[in-house]
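As you go down the protein sequences, you meet chains A and B in turn.
Each number in my numbering comes from the position in the first sequence (counting from 1) with 895 added on.
Each number in my numbering comes from the position in the second sequence (counting from 1) with 1 added on.
Please note that the accuracy of each hint is not assured.
Stated by the list, open to error - Okay, derived cross-link-like pairs now, EDC-like style, lysine to aspartate or glutamate, Cα gap no bigger than 16 Å in a straight line:
hint : chain 1 : residue 1 : chain 2 : residue 2
1    : B       : K25       : B       : E108
2    : A       : K1047     : B       : E100
3    : B       : K101      : A       : D1003
4    : A       : K1047     : A       : E1000
5    : A       : K922      : A       : D1003
6    : B       : K24       : B       : E100
Simulated from the structure, these hints should not be mistaken for laboratory data.
In this text the structure is predicted, and so the values were computed from the model without any measurement.
Read off the chains here:
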Amino acid sequence: MSQVASLLIALPLISAFFVPVLKQIRKSLIFPYLVIITLIQTGIAGWVFYEVYTTGKPILIYAGGWKPPVGINLYIGHFAALFALVIAIVSFLTALFSFKAINVEPVDKYAMLFLLLMLGATGMIATGDIFNLFVFMEITAITAYALTAYNKTGEAAEASMKYIVLGGIGSSFFLVGVALLYGATGTLNMAQLAEFASEGNIAPVVAQVGLALVIFGLAVEAELFPLNAWAPDAYQAAPHPITAMFSAFVVKAGLYAMARILYLLQDAQGWSSVLKLLLIMATLTVIFAELSALRQKDVKRMIAYSSIGQIGLIALAFSLGTEAGVSAGVFHMLNHAIVKALMFLAIGYVGVTLGGTRLENFEGLGKKMPLTAFALSVGAVSTVGVPLFNVFWSKFRIIVATLQAGHVWPAALVLFASVVEAVYYFRLLHLIWFSGEGERVRESWFVVFLIILALLIIAIGVYPTPAWEIAKRAGSDIFAVANYIKNVPLIRLG
Amino acid sequence: MISAYYFGAISLILIGLYAVLVKKNILKILIGLSIMETGVNLLLISIGYVSGRSAPILSEGIGPLQAVDPIPQALVLTAIVIGVATTAMALSVAIILYEKYGTLNIEEIRRLRG
């Protein structure tokens, strides 16, 4: 019965291949088809989430019935179950939004790439094998390159080219890291790799260099500081729905993969120096992103920088090496996924309706589109970290965990960056509510979903405990590696 | 003494990286990326090589103990395909860039600024 969970991977793959068939029948069927598939995916992910959280046991899927470490296994633990659900819900919302926002031909290719992007991200968080992780990462990356260039303007091609070159370098580094780890241990299975590390069978140099290469490779997908130059351009030039997907889960999948591989090797010698590398990268990411966001004229680009800053915060939480930090990081991932999905959908909606996402377009938005403006404001206030909104709790926990781990400077710098963040968000809010005149523009049914997301933000902000409990269980899924090894039954070969 | 395979593979990666970092023409950058991918594939293959053994195709006279490690070969097969897909994607983007900007020099392709 639990093998049904493999549909999380299989369904988007199969349905992506049916899109060209559907196009031959009728073009107008493609977007309803996309909505139905993402809805089914949400249903399956919801069932998997319920199953994993009620039984407390991860769902293991063996490809072809070969037990690990011989075959590839999917490990849908607490974390993967939670984020498969987040991915499915965000995909469903973006599929609905695509009706309005995508009017560039060819829509069939858009639908295929959309489904493959969802597939790649789900696979990245579900897999239990590092080479399989690489393959899913490349599926995600190549579809992301193509979707960035989808608008066929010069800017879109430019952004996509930057992304391709950086992503190519990153994936090469990642593969070299995998080759090193394989050469030293002779296994690609994550559980067995962790077992080797906990028995002290990995040479410290290999663990350090391999991990550093893997982190550098994944940092491109995860938008960490030296390798994130592609991100603001790609966010600005990509179609609006795709931006929401990038920020809500593509980045998260990269971050998760980074944290997973990092914590698998936590018993290897020299691990703490890799943590320091990540700590520095994460702090720099937060500072540079927030300072760059301050001087943006395009709102989408501004929110893109803000998104990078929040990602840096999550990476900071993962680089602490404590359980509190990892749980806080996962909590922030969840909150940030909700908030940024809302922000990018709302901004995209404004961009589609009023023709552009420059700051001028947002002047007097409170009078023109009050409901959208309300949702956008909730998202903005939440991102800054005002109490009674969800991001406050996770930011607070990250700062506390950072201080507990003894890193005063990173905590201070991150707090400073939050102040900077408040400046540009409140400037935006002022522009929306207190300046400009405008006629009322009719808002369509899509606004309902924005309002639901906004209410969800407030609900988690007022009652953080249930969400925090979920995040804590998902966090211990990453942190407690001994448990992870125990959950994956490895067959012993002579 | 470091093996010639490792040395050659890592040199290829570094040559590719050098081309990506230094060259101004997009096509040369993409050639650099391809060289880098080739280097990585070569590194993967040479990790699985066991001196004196033959290809891992089990037939008469060649058992599992006379063959080299088959896993890196499966990995490389996948990695080659991924590399080709990335290159094809990048080349099509390069075509669009040339149509829209009339140049392939990365210093002149700068419309997106923050």
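Hint by hint, here is what the structure shows:
1. B:K25 - B:E108: holds, 7 Å
2. A:K1047 - B:E100: holds, 10 Å
3. B:K101 - A:D1003: Roughly 24 Å separates the two Cα atoms, so the pair is violated.
4. A:K1047 - A:E1000: holds, 10 Å
5. A:K922 - A:D1003: Cα-Cα ~8 Å, so holds.
6. B:K24 - B:E100: Not satisfied, since the Cα-Cα distance of roughly 21 Å exceeds 16 Å.
In this structure, the hints that do not hold are numbers 3, 6, in rising order.
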